[in-house]
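Residue-level listing of the chains:
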Amino acid sequence: MNTLVILFFLLLGAYFVAVLENWISKGRFQLSAPLYAAVAFLGRESFIPRKPDQIFYEVGPVLLLLSAVLAAAVIPLTPDLIITDLATGALFINAALVYVLVALLMAGWGPDGAYAMIGGWRFLGQLIAYAMLIVMPITAVAMRAESLLTTQIVTSQLSLWNIAYQPLGFALFFVASMALAFLPPFNMMIAKGELAGGVEAEYSGMRLGIFRLGRLVLIVTLAAATVIFYLGGWQGFYLFGFELPPWAWSTVKILIVTMAMLLIGRYMPRIRETHLLSWCWMIGIPLALLNIFVVGVLVLEFP
Amino acid sequence: MIAGARQGKMSVFKRLASFSMSQDLGVYVVPGTEITRAYGLDIEAAGMNIVASPRHASVLLIAGDMPAALCDAAAVIYAQMPRPRVLFSLTTSTTPELSPLPPADIIAGLSQQELVQGVVQLRKALAEGAFHSDVSDFNAPVLQIRIEYVCPMHPEVIQDKPGSCPKCGMNLMPREVQANAAHNHTEHKMESDDHSSHDHSMTHDTSVNYTCPMHPEVVQSKPGSCPKCGMNLEPQEKETEHDHQHMDHTVGEYTCPMHPEVIRSKPGSCPECGMNLEPREIEVKHVHQHMNHAAVEYTCPMHPEVVQSEPGSCPECGMNLEPREIEVKHDHQHMDHAAVEYTCPMHPEVVQSEPGSCPECGMNLEPREKETEHDHQHMNHTVVEYTCPMHPEVIRSEPGSCPECGMNLEPREIEARPDHQHMDHTAVEYTCPMHPEVVQSEPGSCPKCGMNLEPREKETEHDHHHTDHTVVEYTCPMHPEVVQIEPGSCPECGMNLEPREIEVKHDHQHMDHAAVEYTCPMHPEVVQSEPGSCPECGMNLEPREIEVKHDHQHMDHAAVEYTCPMHPEVVQNEPGSCPKCGMFLEPREPQSSHHDHTAMESGMNHDDSGFMSMIDVTKDLPRSGDGLPMDWLDVPFGPFIPGLPGGLLLTLTLDGDTVAAANTNTLVGTETLLCHAISANDFIEKLTALDPLTPNSYRLLACLTIENAAGIEVDTSTAKTRLVTLERERIVSHLSWLTLFAEQTGFDWLMQRASSLQKSFTQADVTQIINLKKSVYDLSKRLQRTPLLKSRTTGVGRVPADTELTLSGPVARASGISNDARSNNKIYRELGFTAVTQVNGDVRARLQLRLDEIKQSIELIQKANVSVNDTLAVSIEEPMDTISGQGQAVIETPRGQAQLQLTLDKGQVTSAQLQTPSTQHLLLIEQLTSQQELGDALVTVGSLDLSPWEIRP
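Respectively, the protein sequence lines represent chains U and Y. Heads up: the first sequence runs through residues 0 to 302, numbered per numbering that gives the first Met the number 0. Heads up: the second sequence runs through residues 0 to 952, numbered per numbering that gives the first Met the number 0.
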């Protein structure tokens, strides 16, 4: 039952992200656009490249969708609404999200095409950049909660949300999750101007639909993860004398974070791969370590 | 009914799907969004989404008129779009000429209003016609593919049939290339790129047969090679048997005699010169192009003595005469009648000293140089290959015909290695890369595997122990199994036997023919008792002792070790089996410390110097600059890739994601301005139509040149109006470039802002331009503050100031070369113009410079103070009929300096030469993109602001 609700929520979230993306990039707010697009995928012919690596080609988009849904399995929207409250929940999110790399590499290698392959390689480089920056802030968050249970992490923020407690960790996690979801400015692998669509380029029809859906669900999952780690999950406050139910708070926060993720990339050119790697390793990781140290000291004083 | 409908019957669900597809329109713009912006169109506002790849698109939007080469490329794009697909053409003519594309489904004019109406029509057509019960496939000659075979280690060896590489003996691997190589304008592999017809299986048209031009009786339904002569099969329509019957209007094609690249399927006029198109058959295309109308004769295949200069029927048997080149001149240069013999192309053993017919097949004998003594001696050391005199890249190991032109291949020695010339025979030894123990003092072939020996400086004493000069045997380089003690001739081929040292003593003692077996170095399980070729990979088998235990006692060189060919790190002192793979260990000289030293000095892992090491196997392959060897791919970026100007074909050889080499070409540049005299006004119109991105600049240039020829001087107010026009075009062009730059770097906000500004400026008059000044300044300030933009562009694509190319325009000025044609102009000087420059010459400098130039242009327009009522059109008022003279003018177009020289003769322009800036800037690409990461390389190419339309090939 929980599973169905969460899956439905993910689908709805993905739909809204599609609408938002359309609005932000084209200035048209059309609620029906993703629906038309989805049915159009069904109606369009889908063809495969001439000599694909069949397994990888087919599995790539599906794995992307699966890993996003798996990561969402441990994310609580309300204290009771969680698919599975694993004892290692926070780490499980990271583990599931690693498969995004595998999925994109498959999608890059499978079609036997140069643009897709280069896109896949670029994502490999990007993973090396952002991987540490996802795990280390999670570590700091778990330190404060003294547990890896995601529900525990949310309740530990009762006094002060983590965004104020560990702003450095928030900034790093936010940037790293944008890189994981290959949103602009980290979208080298589906670069429209450079690689003519890159990893996405060789897919059409239903497979492209699944790929895009997977990406949207990934964005929603990452926004949800940011919310539970740093923005206090379902906890809210009195707003004009009203008290919104927990799921409404979750939804609102996730929506805000998603909008922020989508909006930021619009105002910047794509980052160069060399810079991404060098900045993440030379600046990002020391900052993440500093964050862990600072949080460690703070936890002793202010639990 | 749309031409690109999908097969199916309209059920309820399909209707729903069609409706959704009509609402979700993905459009791919050809030749590019910069053209649509130049015409003032806004595609997003019309309701269509611009997509990055044709595979996500359902509408192909063709803006303006496209030259034939682009139509071919557009056909490839069209074939990649998933059905249902719609062809939407925006053009001023009523029936746009789009062959080989199908006729346009929706046609609209080149204005925003008509575009919007066209989109409405399109939606309706798609909703109703997306599925159709009877659809025909789309096929075009440009989509045909043929397979050729190349050697993985020697990419210059190309054959049409499977076989072995003459250099190393390995099996050739298949590779796909475009079939009409002589016809196409995009000559590169079609494997995995924007041009590849990945759905080739679907577009394969089964109603076309393939036949050999020389053997019309050979007919197949798939492309391939003629089994009789090896030539490529040409497509032929099913209805007829014979090529020549198609000389009628319905199925021929029409070409301009002066512009053979112009090809249409219906009679008409040449777009370049206006002449009537002449009919010509499709099938003999590739042969025909090399035939000048004066140098073709028609002959009967069965009666070669029947020769005519026009097509027709043979009087003896009635067959249609086939075209054949008259012996091309340059052949004769090589041939002296005394040294020429005549041979049959199909039966090379038939040799005569006079021309005649082959007794076996009746064909005319073709002349060929005699194998002179001189040649023969050189052919001792190396293997003979056959190459086409006109196409030196075509190489075969047997005599035959050139696939591109049909000429006989001439014999030639394999290219001697350049090293060969520099090495003195006394200080150099020749060794086999795969078998370092094989050492000779003269060049030859390795007796073990047949590869050519490489020269190498003499090694240490250590090696000499292994070569005992007194124990020498003589062997044939082509037949290594022929071995004699004395010099002589090879009984099999007659060549002189080469001396060769007997192998390392211990091997020799045991190399008894009865105790030796032959095995493949790459496939150790293949074992034979006689020499030959490996059935799996085709390499020569090497001899190897049958493992007998007692060998061990006879090994006098205690320093011999046994190593596994596949695992060079496994080393033992006794023979046996490799613990990792079970192969027999092969004897090998130990790596002396001397060896180790050289290996480590060159940075190689010393494990890799052994058998089948990657260093040796990839010896001939290129090396990457950063030391990380990755897959080398030839990737085309282009003609329609988003981010680069449409019509520019950029083929990058990528080493991983670094650019190793770049090859550029334009598909829309015009070569000849004039083929006959035209009136001055027509010339002005022609030059205006040259470059749709900057029409006014060229119009102005033409007017200035003609006025210069006529000696006319315009008055100040006209000059000022012209200044305003030129400067406005500069602003528009720079904003268009900015949009393209933003698209390339994924900077969405800038893309939208720049394109909306461009639209405002295109339609603005003088007062509006001045009002837009603030927006431009704001944009410039915003770009200064944009995060990541500086780091993206600083240091990338640095153009050196001291290059021998003549750079001009923003590209030059950003590097500090301050040349600007406007500095010499009176009016500009009066308004206080000084050229803006930047110092660094990288992408950031060019970006900054163009922004500064936009601001400067607005200032100039403001200062010029032209009245609002003056038209901003450029034209010549006075009649030109009686003017004669020579004129020249220089103008600073938005991209650089353009120069025009022309000759006027009584109002007619008789000759004209044009130099454009993009032609020179194109040559920069090669050096600027070398060793750059792909993204940087593309941004560099984009920052040069090339216009493929004005590039003169």
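Calculated from the structure, these hints are not laboratory results. It is possible that some hints are incorrect.
Just a few of them, taken from the derived set where beta-carbon distance is under 8 Å, the chain Y residues facing chain U [claimed, not checked]:
1. Ala2
2. Arg5
3. Ser52
4. His131
5. Ser132
6. Val134
7. Asp159
8. Leu632
9. Thr652
10. Glu742
11. Asp747
12. Trp748
13. Arg752
14. Gln931
15. Glu932
16. Gly934
Distance condition first, Cα-Cα at most 30 Å in a straight line; then the derived DSSO-like pairs of lysine-lysine [what the hints assert, rightly or not]:
17. Lys825/Y - Lys789/Y
18. Lys25/U - Lys772/Y
19. Lys160/Y - Lys25/U
Positions of the beta carbon are idealized from the N, C-alpha and C atoms, including for glycine.
Now the hints, each set against the structure:
| no. | hint | verdict |
| --- | --- | --- |
| 1 | Ala2 | 15 Å, violated |
| 2 | Arg5 | 6 Å, holds |
| 3 | Ser52 | 4 Å, holds |
| 4 | His131 | 13 Å, violated |
| 5 | Ser132 | 15 Å, violated |
| 6 | Val134 | 11 Å, violated |
| 7 | Asp159 | 21 Å, violated |
| 8 | Leu632 | 5 Å, holds |
| 9 | Thr652 | 11 Å, violated |
| 10 | Glu742 | 5 Å, holds |
| 11 | Asp747 | 5 Å, holds |
| 12 | Trp748 | 5 Å, holds |
| 13 | Arg752 | 10 Å, violated |
| 14 | Gln931 | 11 Å, violated |
| 15 | Glu932 | 7 Å, holds |
| 16 | Gly934 | 5 Å, holds |
| 17 | Lys825/Y - Lys789/Y | 37 Å, violated |
| 18 | Lys25/U - Lys772/Y | 26 Å, holds |
| 19 | Lys160/Y - Lys25/U | 53 Å, violated |
Hint compliance for this structure: hints 1, 4, 5, 6, 7, 9, 13, 14, 17 and 19 are not met, and every other hint is.
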